[in-house]
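Engineer: Residue numbers (this note's numbering), protein chains in the order written: chain U, 1 to 707; chain G, 1 to 707.
Note that these hints are calculated values from the structure, not bench results. Just to be clear, a hint being listed does not mean it is correct.
All copies of an identical chain are treated as equivalent in the list; a pair is satisfied when it fits inside any one copy or across any two copies.
Using 27 Å as the maximum straight-line C-alpha spacing, the simulated BS3-like pairs for lysine-lysine come out as follows [stated by the list, open to error]:
| no. | residue 1 | residue 2 |
| --- | --- | --- |
| 1 | LYS292 | LYS509 |
| 2 | LYS499 | LYS552 |
| 3 | LYS292 | LYS593 |
| 4 | LYS523 | LYS657 |
| 5 | LYS621 | LYS292 |
| 6 | LYS657 | LYS499 |
| 7 | LYS657 | LYS174 |
| 8 | LYS499 | LYS675 |
| 9 | LYS657 | LYS675 |
| 10 | LYS118 | LYS174 |
| 11 | LYS543 | LYS589 |
| 12 | LYS18 | LYS499 |
| 13 | LYS552 | LYS589 |
| 14 | LYS57 | LYS675 |
| 15 | LYS118 | LYS593 |
| 16 | LYS523 | LYS499 |
| 17 | LYS118 | LYS621 |
| 18 | LYS593 | LYS621 |
| 19 | LYS62 | LYS587 |
| 20 | LYS174 | LYS523 |
| 21 | LYS621 | LYS589 |
Here is what each chain is made of, one letter per residue.
Number of protein chains: 2
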Amino acid sequence: EDWRSRRTVQIFQYILLKWAFALIIGLSTGLVGIFNNIAVENIAGFKLLLTTELMLKHKYYKAFAAYAGCNLGLATSAAALCAFIAPAAAGSGIPEVKAYLNGVDAYSILAPSTLFVKVNVIGIIFGSIFGVAAGFVVGKEGPMVHTGSCIASLIGQGGSRKYHLTWRWLRYFKNDRDRRDLITCGAAAGVAAAFRAPVGGVLFALEEAASWWRSALLWRTFFTTAVVAIVLRGFIQLCSTGTCGLFGQGGLIMYDISAAKVVYSTPDILAVILLGVIGGILGSLYNYLVDKVLRTYSIINERGAAVKILLVIMISLLTSICSYGLPWLATCIPCPADASTSCPNTDVSGNYKSFQCPPGHYNDLASLFLNTNDDAIRNLLSTNTVKEFHISSLLIFFVAVYCLGIITYGIAIPSGLFIPVILAGSCYGRLVGRLFEPISKLDVGLFSLLGAASFLGGTMRMTVSLCVILLELTNDLLMLPLVMLVLLISKTMGDMFNKGVYDQIVKLKGLPYMEAHPDPYMKHLIARDVVTGPLITFSGVEKVGNILLALKNTGHNGFPVIDEPPFSDAPELCGLVLRSQLLVLLKGKAFSKDRVLAGNKVLRKISELDFAKAGSGKGLKLEDLDIQEEEWDMYVDLHPIANTSPYTVVETMSLAKAAVLFRELGLRHMCVVPKSQGRPPIVGILTRHDFQPEHILGLYPHVRFQQ
Amino acid sequence: EDWRSRRTVQIFQYILLKWAFALIIGLSTGLVGIFNNIAVENIAGFKLLLTTELMLKHKYYKAFAAYAGCNLGLATSAAALCAFIAPAAAGSGIPEVKAYLNGVDAYSILAPSTLFVKVNVIGIIFGSIFGVAAGFVVGKEGPMVHTGSCIASLIGQGGSRKYHLTWRWLRYFKNDRDRRDLITCGAAAGVAAAFRAPVGGVLFALEEAASWWRSALLWRTFFTTAVVAIVLRGFIQLCSTGTCGLFGQGGLIMYDISAAKVVYSTPDILAVILLGVIGGILGSLYNYLVDKVLRTYSIINERGAAVKILLVIMISLLTSICSYGLPWLATCIPCPADASTSCPNTDVSGNYKSFQCPPGHYNDLASLFLNTNDDAIRNLLSTNTVKEFHISSLLIFFVAVYCLGIITYGIAIPSGLFIPVILAGSCYGRLVGRLFEPISKLDVGLFSLLGAASFLGGTMRMTVSLCVILLELTNDLLMLPLVMLVLLISKTMGDMFNKGVYDQIVKLKGLPYMEAHPDPYMKHLIARDVVTGPLITFSGVEKVGNILLALKNTGHNGFPVIDEPPFSDAPELCGLVLRSQLLVLLKGKAFSKDRVLAGNKVLRKISELDFAKAGSGKGLKLEDLDIQEEEWDMYVDLHPIANTSPYTVVETMSLAKAAVLFRELGLRHMCVVPKSQGRPPIVGILTRHDFQPEHILGLYPHVRFQQ
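Given the sequences, and given the hints that come with them, work out the whole structure.
Structural biologist: Written out as structure tokens, the structure reads:
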């Protein structure tokens with residue numbers, strides 16, 4: 001149904017609701033972002049304060065016990081949430097959102113039921129807070145995207161069925177497209193809230209999340225992220241008065257590097273190119289290792305909730321040992337005379353951590369390890385502090401973070417991938433900057449930013465959105481050409497070895513994702529080749545019993561309807577009916593004794609609204625029907641509900657072209673019709689699964705190598 | 001042909017060439033941008049210097065004569081270029097690029113012939129230089145986009161046919177998709193070069209220019225604009241040593257407003273909302289008036305080159321009179337004590353122009369009028385100079401620029417729309433800022449930026465790309481939330497009244513643009529309804545004479561091929577052949593005396609390369625064929641060249657759905673097949689024109705009002 005053909009009042013309702021939803025999504029995601037930040041900063045701040053105080057009293061073992069204990073407690077809570085209450089909250093969530101926006105409905109965590117999604121949101125929010133506060137090398141941006149999408153999904157499904165008015169208005173959103181639009185807005189809002197990067201959020205949704213894109217959506221997504229930005233701004237103003245507890249400037253990451261002068265010449269550019277090449281390789285190695293670790297973990301995690309939690313506890317202990325133990329390897333460094341902040345620092349966050357050092361000295365490794373991830377990144381990006389970190393310290397931190405990041409993703413906590421990658425990348429960049437110090441004039445803080453860019457490019461494989469996110473994070477447009485250069489190089493390097501990390505995870509989860517381009521071997525096949533399984537068709541006026549049997553015995557969601565004599569001269573394809581529509585029709589019991597056309601009186605009996613796509617888990621089920629024995633032999637007219645203009649392809653159509661049609665138009669069922677006359681009017685139905693490489697290559701193993 | 005099924009060396013050639021082309025487009029567009037800027041700054045600088053010197057000697061009439069004379073000379077040169085040599089260079093160029101990227105091939109100025117495009121590029125470059133230097137209220141960014149696209153088009157067509165090697169490699173680009181990709185890169189490079197806004201350029205190409213978008217393209221466009229940014233940066237460094245003549249900082253617009261502190265509270269936001277609302281209305285009024293003026297001008301311009309030039313001369317005189325005459329209305333203002341630049345200023349560019357004022361005083365209107373457009377915008381955006389411009393002066397300048405902008409677009413010079421709109425908008429914004437001074441703490445320079453945003457939103461109706469362009473121009477990310485807010489409001493206001501200015505111009509030019517969404521009335525029609533005209537089909541093995549006749553007597557570009565007995569049991573649709581392919585086949589003369597299948601030996605005779613889509617104007621014509629009388633009765637086998645998998649729709653398919661299929665897949669021909677059996681296997685062919693509202697509503701005038 002095209003909304004422009006509706007009545008004026010309906011159009012008004014629809015548009016009003018559309019923008020109201022965008023507003024609500026922006027507001028809620030912004031508020032969740034704020035809550036998340038305040039909670040993390042306060043919990044982690046308390047933990048670090050406790051540890052630092054004990055260390056100042058030289059009670060080093062007690063301090064470790066306190067630190068590791070806090071971490072362990074938080075980690076166990078997060079794991080318990082994920083293991084028992086909301087299993088779908090684990091992981092990044094971005095791959096699931098991506099798959100949903102590609103049209104993968106059934107498996108997606110956004111679909112099952114409203115309750116499920118609600119629990120999930122709680123699980124993600126608290127899981128993420130505990131996980132990040134527990135000192136894991138994980139970020140909050142993946143879970144934020146997930147949260148934003150879940151909120152959008154909840155809103156679209158109409159969480160408020162009680163209020164009849166609201167629910168009636170919501171009927172406009174009971175279709176795939178409007179729901180997908182909402183979830184795209186949610187994903188954009190998530191990135192905007194996590195990084196305070198509204199334009200970056202829009203571009204992320206465009207470049208990574210969405211599979212189809214319309215100009216109108218750009219416009220609405222933009223509004224949503226603008227709302228998020230305004231909410232965050234208001235909150236930061238509020239918190240600057242000191243009302244948010246331990247919430248410091250670390251809360252909402254924003255690394256201001258504008259203090260450094262951006263001047264570069266040829267040797268700098270050569271250094272930057274080298275940095276990009278190696279960063280790209282390390283990034284794709286990261287993807288490779290994450291994939292391997294995930295495969296191992298998925299086997300371990302299958303053994304039950306207890307094993308899941310045990311794994312989390314082990315990783316948490318390992319992280320605590322690294323964070324507390326490794327700084328002991330560093331030697332104390334005298335405080336610089338011109339330090340802009342207090343040195344040594346015994347505060348919650350900040351640079352120049354005292355650790356075990358005597359007064360007037362600081363421990364550079366502790367400044368990185370014994371901090372929240374956000375603060376560690378801020379320290380790495382700090383400009384005009386060339387000598388602050390020893391090369392050896394940077395090397396130790398880099399190796400530790402790189403490895404911890406890889407083994408942490410996949411355990412049963414909500415875990416974003418951006419922050420670990422930025423952390424490892426900026427450390428790598430600073431290391432390169434230190435090594436190139438003799439020949440390069442670029443500040444090591446800027447090198448650090450470029451290192452983060454190279455790692456992000458090497459793992460995520462986005463370009464424009466990452467570039468804009470990094471610029472919004474660092475508030476320095478003058479770095480633009482260098483950031484662009486590094487992203488281009490590292491993405492190119494990464495693409496030589498493997499796919500982007502989110503694509504890998506989508507594949508690993510076995511989601512039937514439709515790629516934008518058909519694989520080359522599909523050119524050697526025709527549409528008929530991949531049609532499998534028995535085709536079940538209905539007659540235009542079909543026996544109730546036949547329909548019930550078909551619904552019971554198959555899992556098909558779409559059935560072709562064929563007009564046969566006496567309703568037409570020869571058998572011809574009348575249209576396509578969906579399982580959900582059949583269930584509504586049967587529930588309405590518009591049956592007749594004889595095989596006659598019922599006309600529009602069926603629709604008068606059943607409101608058109610009932611045919612709208614139901615919210616998650618709210619649809620009718622076969623068990624809900626109450627068909628009497630004697631009704632089995634009655635007839636029901638399928639014409640009123642059949643989609644009479646299904647997209648069709650001729651059986652000899654190249655499979656590649658059929659795949660393009662299927663993907664571009666976002667279809668769920670495609671009818672294959674015979675080429676020659678005098679045969680049954682339909683050859684089969686193609687669905688998303690029929691285009692999956694596994695299915696095609698299973699049928700024709702050798703087609704891959706055919707030239 | 002899918003490139004992934006090619007041999008490795010071919011894939012390598014293709015990828016190498018693709019990126020090399022992106023590099024060349026970036027380099028050339030960057031260099032053109034530099035040349036353009038240096039030329040404009042030097043010519044306009046010379047003109048202004050001359051005028052100022054004469055005024056310092058109190059020779060006011062001589063000064064006017066010199067000023068108006070220079071303007072007139074430059075304007076006449078620009079007009080002569082456009083009227084006699086490159087007629088297609090006039091106007092903005094963005095609508096044409098937009099239409100080309102939508103698939104409008106035939107009418108586009110990018111298509112006709114290589115020579116035509118080459119002349120056009122010269123015409124645009126010099127016409128734009130002369131036009132901007134002549135003091136017209138026009139910008140250079142539309143022409144830059146046009147130039148970028150023309151360069152891309154030239155490169156893709158292979159301007160270097162002489163070198164056999166290069167030409168062979170170019171065969172991969174002889175198709176619609178790769179050419180469109182190149183032109184998208186060119187358009188992005190144009191914006192990047194005009195505004196020094198690489199990310200903005202990419203987003204402009206995405207949001208406004210392109211009709212189809214692929215992730216891979218984002219990535220290549222990004223590379224192109226990065227190259228442009230690096231070229232521009234190198235050049236600015238070079239020019240900062242003073243080697244570029246009168247080229248000052250005004251050359252490449254970049255308005256640094258970061259000096260102002262961005263602090264705002266509720267009253268500011270209310271003021272900004274009001275500014276957005278009125279700005280949106282004024283912007284859509286601008287569109288309305290531009291449309292009216294364009295319609296008038298197009299009638300005037302039809303009368304010949306002399307009339308065109310006369311119109312340009314009149315507008316030039318009017319502009320000169322306004323620029324030189326109106327500043328006399330302003331009273332002299334004493335120089336502020338804390339002026340950051342010299343005051344009064346007798347230099348080429350800059351603030352605080354002396355004009356007729358005694359020493360120690362300046363004329364505020366002259367600072368706006370007697371300057372290049374770039375410098376006037378810079379003055380309007382200058383921060384911490386609240387009282388610099390009188391409210392009355394701002395009002396006079398606003399009215400003058402608003403009206404001049406409207407009547408200037410459409411005359412025979414290359415004219416961008418961004419700069420006039422930014423100029424009027426920033427003046428409007430500063431005016432609003434002055435009026436709200438008592439209650440608002442926001443700097444008037446920031447108000448000025450928001451005013452420019454509101455006008456841009458109200459006319460262009462882009463969101464994200466404008467936002468990013470403005471941020472890249474002003475280098476101040478802290479303004480982001482406010483700029484977003486203003487853009488959203490003004491676009492919403494504008495959309496209530498009319499379409500965006502580029503859409504209006506596309507429509508005015510009568511280009512058959514395919515909208516992203518089918519119009520609502522299309523739902524009440526089926527595909528068969530709009531099939532018109534006699535259908536010409538060929539048999540699988542057809543007589544040469546029939547083909548020649550069909551090609552001669554019709555303008556069709558696609559013909560269905562139907563297999564008939566004895567080649568099949570019943571008539572069935574074999575495929576679709578294109579006019580260009582038929583011409584190549586006939587040229588190859590693979591004829592046979594009898595009606596038999598020729599098999600693949602045809603393709604052995606004619607290289608596959610010859611069938612690739614020819615460059616502009618390079619294709620075979622009917623007159624090039626040399627078919628003897630006796631060959632007319634011979635047969636030719638069409639099977640080898642027919643596209644055997646054309647996209648088809650059943651005749652009863654809803655026209656709206658058919659339109660979606662046509663638009664989303666970027667088709668040029670769509671076959672309509674019958675629903676019932678026993679009829680000829682094809683009902684007709686739909687092309688772009690059959691989906692145009694004019695065509696449909698011409699056939700069914702009442703369908704528009706049908707509910």
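Engineer: None of the hints should be skipped; say for each whether it holds.
Structural biologist: Now the hints, each set against the structure:
| no. | hint | verdict |
| --- | --- | --- |
| 1 | LYS292 / LYS509 | within (13 Å within a copy, 58 Å between copies) |
| 2 | LYS499 / LYS552 | neither (40 Å within a copy, 52 Å between copies) |
| 3 | LYS292 / LYS593 | neither (61 Å within a copy, 66 Å between copies) |
| 4 | LYS523 / LYS657 | both (8 Å within a copy, 26 Å between copies) |
| 5 | LYS621 / LYS292 | neither (40 Å within a copy, 59 Å between copies) |
| 6 | LYS657 / LYS499 | within (24 Å within a copy, 35 Å between copies) |
| 7 | LYS657 / LYS174 | between (30 Å within a copy, 20 Å between copies) |
| 8 | LYS499 / LYS675 | neither (39 Å within a copy, 44 Å between copies) |
| 9 | LYS657 / LYS675 | both (16 Å within a copy, 22 Å between copies) |
| 10 | LYS118 / LYS174 | within (19 Å within a copy, 53 Å between copies) |
| 11 | LYS543 / LYS589 | within (12 Å within a copy, 60 Å between copies) |
| 12 | LYS18 / LYS499 | between (35 Å within a copy, 21 Å between copies) |
| 13 | LYS552 / LYS589 | within (18 Å within a copy, 61 Å between copies) |
| 14 | LYS57 / LYS675 | neither (86 Å within a copy, 88 Å between copies) |
| 15 | LYS118 / LYS593 | neither (46 Å within a copy, 76 Å between copies) |
| 16 | LYS523 / LYS499 | within (23 Å within a copy, 42 Å between copies) |
| 17 | LYS118 / LYS621 | within (22 Å within a copy, 66 Å between copies) |
| 18 | LYS593 / LYS621 | within (25 Å within a copy, 66 Å between copies) |
| 19 | LYS62 / LYS587 | neither (67 Å within a copy, 91 Å between copies) |
| 20 | LYS174 / LYS523 | between (36 Å within a copy, 20 Å between copies) |
| 21 | LYS621 / LYS589 | within (15 Å within a copy, 65 Å between copies) |
Of the numbered hints listed earlier, those contradicted by the structure are 2, 3, 5, 8, 14, 15, 19.
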